[in-house]
Structure formats: C-alpha cells, structure tokens
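Trainee: These protein sequence lines are chains A and B, in that order.
Per this note's numbering, the very first residue in the first sequence carries number 1; after that it's consecutive.
Per this note's numbering, the very first residue in the second sequence carries number 1; after that it's consecutive.
Think of the hints as simulated: they come from the structure by calculation, not from any bench.
Careful, some of the hints might be misleading.
[Unchecked claim] Part of the chain A face toward chain B, derived, beta carbon under 7 Å:
#, residue
1, 239
2, 243
3, 294
4, 359
5, 375
6, 420
[To be verified] Coverage of chain B stretches by chain A, computed from C-beta distances (three or more under 8 Å per stretch; other residues unrestricted):
#, region
7, 22 to 36
8, 202 to 216
Every value quoted in this text rests on a predicted model; they were computed, and no experiment measured them.
C-beta: ideal position from N, C-alpha, C; glycine also.
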Amino acid sequence: MRPPLRAMVLAGALALTAGMANAQSSVRIGMQLEPPGLDPTAGAAQAIDSVVYGNIFQGLTRFTETGAVVPALAESWTISDDGRTYVFKLREGVTFSDGTTLDAGDVVFSFTRAVAPDSQNAQKGLFAQIEKVEATGPLEVTITLKQPQGSFLFNMAWGDASIVAPESAATNATNPVGTGPYVLKDWIKGDRIILTARDDFWGEKPAITEATFQFISDPTAAFAAMMAEDIDAFIGYPAPENIPQFQADPRFQVLIGNTEGETILAINNRQPPLDDVRVREAIAHAIDRKAVIEGAYYGYGTPIGTHFAPHNPAYVDLTHLSAYDPERSRQLLAEAGYPQGFTTTLKLPPPSYARRGGEIIAAQLAAVGIKVEITNLEWAQWLDEVFKQRNYGLTIVSHTEPFDIGIYGRTDYYFNYDSPEFRAIMAELDATSDPEKRKALLARAQEHIARDYVNAYLFQLPLLTVARKGLKGLWANAPAAATILAELSWE
Amino acid sequence: MMRRANLLAGALLSGLFVLAALASFLWTPHDVTQIAVPMKLRPPSAEHWFGTDQLGRDIFSMVMVGARISIAVAIVAVGLGMIAGVPLGLAAAARRGGWLDELIMRGNDLVFAFPAILVAILITAVFGPGAVNAILAIGIFNIPVFARLTRGAALGLWTREFCMAARVAGKGAARISVEHILPNIASLLIVQGTIQFSLGILAEAGLAYVGLGAQPPTPSWGRMLAEAQTLTAIAPHIAIFPGLAIVAMVLGLNLLGDGLRDLLDPRLSRVAA
Chain A
1 MRPPLRAMVL
11 AGALALTAGM
21 ANAQSSVRIG
31 MQLEPPGLDP
41 TAGAAQAIDS
51 VVYGNIFQGL
61 TRFTETGAVV
71 PALAESWTIS
81 DDGRTYVFKL
91 REGVTFSDGT
101 TLDAGDVVFS
111 FTRAVAPDSQ
121 NAQKGLFAQI
131 EKVEATGPLE
141 VTITLKQPQG
151 SFLFNMAWGD
161 ASIVAPESAA
171 TNATNPVGTG
181 PYVLKDWIKG
191 DRIILTARDD
201 FWGEKPAITE
211 ATFQFISDPT
221 AAFAAMMAED
231 IDAFIGYPAP
241 ENIPQFQADP
251 RFQVLIGNTE
261 GETILAINNR
271 QPPLDDVRVR
281 EAIAHAIDRK
291 AVIEGAYYGY
301 GTPIGTHFAP
311 HNPAYVDLTH
321 LSAYDPERSR
331 QLLAEAGYPQ
341 GFTTTLKLPP
351 PSYARRGGEI
361 IAAQLAAVGI
371 KVEITNLEWA
381 QWLDEVFKQR
391 NYGLTIVSHT
401 EPFDIGIYGR
411 TDYYFNYDSP
421 EFRAIMAELD
431 ATSDPEKRKA
441 LLARAQEHIA
451 RDYVNAYLFQ
461 LPLLTVARKG
471 LKGLWANAPA
481 AATILAELSW
491 E
Chain B
1 MMRRANLLAG
11 ALLSGLFVLA
21 ALASFLWTPH
31 DVTQIAVPMK
41 LRPPSAEHWF
51 GTDQLGRDIF
61 SMVMVGARIS
71 IAVAIVAVGL
81 GMIAGVPLGL
91 AAAARRGGWL
101 DELIMRGNDL
111 VFAFPAILVA
121 ILITAVFGPG
131 AVNAILAIGI
141 FNIPVFARLT
151 RGAALGLWTR
161 EFCMAARVAG
171 KGAARISVEH
181 ILPNIASLLI
191 VQGTIQFSLG
201 ILAEAGLAYV
211 GLGAQPPTPS
221 WGRMLAEAQT
231 LTAIAPHIAI
241 FPGLAIVAMV
251 LGLNLLGDGL
261 RDLLDPRLSR
271 VAA
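Whole structure, please, built from the sequences with the hints as guidance.
Mentor: In structure tokens form, the structure reads like this:
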C-alpha cells in the first residue's frame, strides 16, 4: 500500500499550525538555578520564588516591578494610630487550586506556622514583630505587633510570607497548592518545571496558559539555547559578554535592569590585619570600581558605596568615601603599620563576576602592596569555608536579598562585624514608621557601614534578560526573585 | 625515513614549547599579571601576537607561561610515577609469584580500576585546588603504569641466560634488578615516559579546565580554555591559541615517543624492516 502522502502533508501542516498557535499562549523561560522544592515558605533559595512567586503562591501584599508594595490577597487594610494593629480585609471569592476557599483562618494558619518553633521558614525575621494574628471575621484578619514596624507591609509581600492552606501546607514542596493563577503540571528534576493556567482561577485569566521553566546552569549552553530559540526568554542571563550580540540580532530584545544584588568584596572583620579600619579603608581606596565593572560585567552595573540598592529612594551615594586613590591607600597602610603591605586570601565562588572581578581586584590590591592568594571554590565549598567557618580574608559575592542592610547588625554573620552603634540605628529604624524619619535613619545606617569600611562595596548586580522579540510584560528590574507569568503576553 | 620524520617533527614541536617555557622565566612580551580592562578581547595584532583575553592580558605571554606550568606539572608527575613505579615493578618481578608480587600488582589493579581523572578530582577536592595537588594526583596515576610495564619487561629478562649467570655468580635479586634488568628496560621506560608525559599535559589541562589546577593569576592552558567558553562566539582567538598549544604539545610528545620507540627498540625496527 502506498503511504497516503496527501494525508501526511495535511497532518504535517496541521501540526505546524498547531505549533504556531501554541506559541502564542505558551512560553519557555530559561533560568540558571533549579529550585530545591516549590514551597516558598520553607526554603531560602531564590529559585523557588523565581518559579512560584505570584504564579502559584500569593501573599497579602505583593511587589510590583518598581519594588512598590500593592494589595494582593488583601484587598485593603487599615493601620491603627499607634502603628501596632493592622486590619486586613481579604479579597472575596479567592480559591486555592485544590478548590478550597481562602478565608481568614488560612492567613492565621500561615503566620502561626511561620513563627512556630519548628518552622522551616527561611526568613523568620519578617514575622519577628508579630504579637498575635486573629481572625476577626470570615474575611478579616487583625495582626497586632509588639511595636510599630515601618516595613511590615513590605515584609508581607515576600514570597516567604505567602498564604498557604492547612490541608496542603505539608506537601507544598512537591505538590504546591496556592491561590495563584497557575498550578504545577510537571517537574522533570534537573531539567524543567511546567506550570499550567488554572481553569478555576478566581481572577482575570492570564494570556499565557502554559509556561516551561528550563534550567540551564552553564552559560555556554544558555547562549546556545537562546540563539537556537529553544527558549523564549532567559531571565538573569549569566554571560554579559554576549549581550551586544543579542542586541544586534533583530530576533531578540534585551532588558537591562537592576537586581537587589549588592556585589561586595566582603572582608573578614576579625582577621588581622583586616580588623584595623585603616587597612579596610586602604583596600577600599585601592579598588577602581570602573575597571571592575568593565572587566567583570562588561560595563553593566551601577557603582555603589554602601550596602544599599541605588534604585531605592532611601539610597545615599557614598562612593566618594571609597574613591579610587592608590596613593591614599598606601598612606593608610603605612599608618596602620604595613608600609610593605601584607598577604591575605581571596576566595572566589563560581559566578563570573566573582572570578573575573577577583583577578582584577587582586591586581589592583597588588599595586598598593597587598598580596592576595586566590582560591576558586564551588558553591558548596564556599558556603562551608567562607560563610559557615569564616575561614577567609576576602571574598566576592552578591547579596541578592532585598533590603538586607540589617545583616550588618548580625554579629554571627560571616563579615564578623560587631557594632553596637549600628544595631542601635537598626533598632530605632524597626520602631519607626514615619517615612521621612525612616529615610533619615537608613541614610545614617548606610553611612555608618561605609565609614567603618566593613566591606568594599563594588557595584549593584544588573539583571540581564534576553527574550525573543514580541514577548511583552517581562520585568526589567527584579525587586525580588519573581517571574510574573500573568503579566506576560505575545504580541 | 618516515620514522625519522616523526622523531624530528616531535622533537621540534616539543622542543619549541620547552624553549618557550624556559624563555618565559626571563622574558615574555607582556607581564601576564598586568590587567588592562580597556584593552580586553583585542584580536591578534603586532603588539599582541595572539590578541588579548577578557581582562586585557596578552595571550601570547600567557601561553608561554602556561607551557611552563604544564611542563612542570607533567615532568614532576611522570617523575613521581617513575620513581615509585619502577622499583615496585622490579620488586614484583624479582619476587614473581610470591606474596609481595601479589600485593603490589593487586594494589596496582586497585588504582587502575578508578578512572584517573575522577580520583584526581577527589584528591584536589579533599586537599584543595592548586598546582601541587594536581601534580600529586597525576603522579599517583603514573605509578601503576610504570610498575606494570617494568614488571612485564623484567619478567621476560629474569629467564634469560645473563640473569641466570648473575644468580649463579651469587648476586642478590636487588643487585640483579639494578645492574642487569634496569639497563635493559631503560629504553622502554624512556618511551613510556614520553607518552605519559603527553598524557600528563592533557590531565593537567583537564584539571585546570574544571578549576582544580594552578590557581589564578598563574596562567594555565586548561583554565584559559574554560574562561574562553562563553566568549568563543565574539572572540574566538582566546580559545584557539591555548587550545592549539595543548594540541601541538601533545601531538609533539606523541610523535617524539613513537620516534624514540622506533629508534630505541631494535626488535620493532627488525620486524618493520
């Protein structure tokens, strides 16, 4: 029997048009890191939020692209005059993907679970000021704080403060059940996660009905996948050197934004001679940020002079405190008793900003007499040796959590920095809700760590996103790790 | 005639790299630690013969110094393998069939059973990355190669008349091994040493490629390749030159090894003739 050629051609044509129609409502997104689980309330990995934030799970409030906090599951709220009592009014008709309805009880459960002694929540600090959470109506939650907290609504927008249901909370890591517009369809470990739009979503139906998150850790493979159009967008594109090529290619669009990642040369503040503030200041003045940014990130990235994101309204530009001045640097070293310089270690994690930046900084430090021995480490080794054991002199890393200046108040943190004055500023900040006063306190905090030269502040890590032309709604900036699928569409 | 050409080409290629490595102690066109970011990724030119890398360093100078690292690592590693492996092989052959022979050869099998690069990664992961640990890792893997080769060749010699004569004359096993066996297998060891040397270069490049070799800022061919990975599309020269260096060096050593074998092993040339 002859093969029915006409039927085959027809079938092929059908398959082709089906594929094209599919392309209009589905999207394939490349990311570098795969999440270890899918429960945003039980894990520190940013990759969890990159997949589930706003897609599967939602909180009372949420971040917008600019970092502003807007209502999400809470329709509105009132704050008492003393700033201690928040009354949230929940949206009506919200359902979880298992069909249950969201009520005040779920919110009470979520926060009680987050602050419980056996809580797996990675950001317990967000809930530290909560005194009690009560359901004061079927759709009304009253939260009382121990003391006024200016950042409370901001804290509630974090993925770690997502609202979960008591029936499904325990299994969210593998079988996530949330209130968002998408559900998990399939997870092929080590390769990809597929989300699909919910039929019973309570809100507006999103344009994208199916999204695949493809995990590609190798920058070369990321480049190849993008060039072959195997993926539609790569968020957090890892190889800045390829960006000009994508910009020149009419098939692609490139978005260059900011992350919350302050990239710093972290200093072990307790290891001599780095415990001397003059030595740390000498290191700061020895570094030419411009060359570091150019070499490590191909010129993308804003110089910073303190541990704060430049796009934040409260940011103060303090780069002048640590301007490139090798002469001053040598002078400071001499004052500190090291006219011939000294030798220390520089341990570098895998990202290219650290490896390339490390070699540049090593050369710049050598120019003022500070010899560094470079060791390249994998992440697991870095976490163990540097972050946990604090067996290091210098290291380069990007701190990607939003609004994380508070880490300087933690004496157990790997910088080994201990300043009662700084902790006093942070305590005052925590108790202040007036925006202007908060801004002034934040400015003081930023200046305090800049003048103590706790670390050498390098640049704000840019967010590079490469996407096929026609994909709209991608966030250029990342106020938090998030890929809001509901805002995406093809034109 | 063809064999002579092999030998000559091999000696020339390897000699070139040894010369470049030696010269790099005294002179390189540019300082390899000198970073000049504005000059990054320049294609080859009169000033930078092989162009510049992602941090503006001169690739020609880096290849020269990289040769030094590769050769040093490979020589020391092969030397280690020989120093430990040859006596082990001689001892095993002298006590052939005995428990010492068993112990040495089964120990050999144990090391052979693991893929070399895997154990090299293990060693460097435990003791930390660096040139010294890379040398150790590669050296350990050369021990069984030489032990087995030595034992095999020595076994054949033990049954020959001159060994019998030496035994009759009252010489001990150790003396016979050193005075009669070793000189007779020396050419074999030299040939194998050359081949192992080229494998050592490859292994060093492999370890450096995965970040376990010499640490920056010391240039290393393997790491240059690794760092060039994402840049090959826009600046192919930064991958091509260290890559070519590895190929040429390994090819040269293999040709040299082949040529030496033909020259030193009279049995082979008789068969060929």
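Trainee: Confirm or reject each hint.
Mentor: Now for the hints, and whether the structure bears them out:
Annotation: interface hint on residue 239/A holds; nearest CB of chain B at approximately 4 Å, less than 7 Å. With a least beta-carbon distance of about 10 Å to chain B, the hint placing residue 243/A at the interface is violated under the 7 Å criterion. At a threshold of 7 Å, the smallest CB-CB gap from residue 294/A to chain B is about 5 Å, leaving the interface hint in force. Evaluation of the residue 359/A hint against chain B yields a held restraint, the C-beta minimum of about 5 Å falling below 7 Å.
Evaluation of the residue 375/A hint against chain B yields a held restraint, the C-beta minimum of about 6 Å falling below 7 Å. About 37 Å separates the beta-carbon of residue 420/A from the nearest beta-carbon of chain B, more than 7 Å, and the hint is not met. Only residues whose C-beta sits within less than 8 Å of a C-beta in chain A count toward coverage, and the region 22 to 36 of chain B has 3 of them, enough to reach three; the restraint holds. Against chain A, the region 202 to 216 of chain B contributes 3 residues with a C-beta closer than 8 Å to a partner C-beta. That satisfies the three-residue criterion, and the hint holds.
In the structure shown, a violation is registered for the earlier hints numbered 2 and 6, in ascending order.
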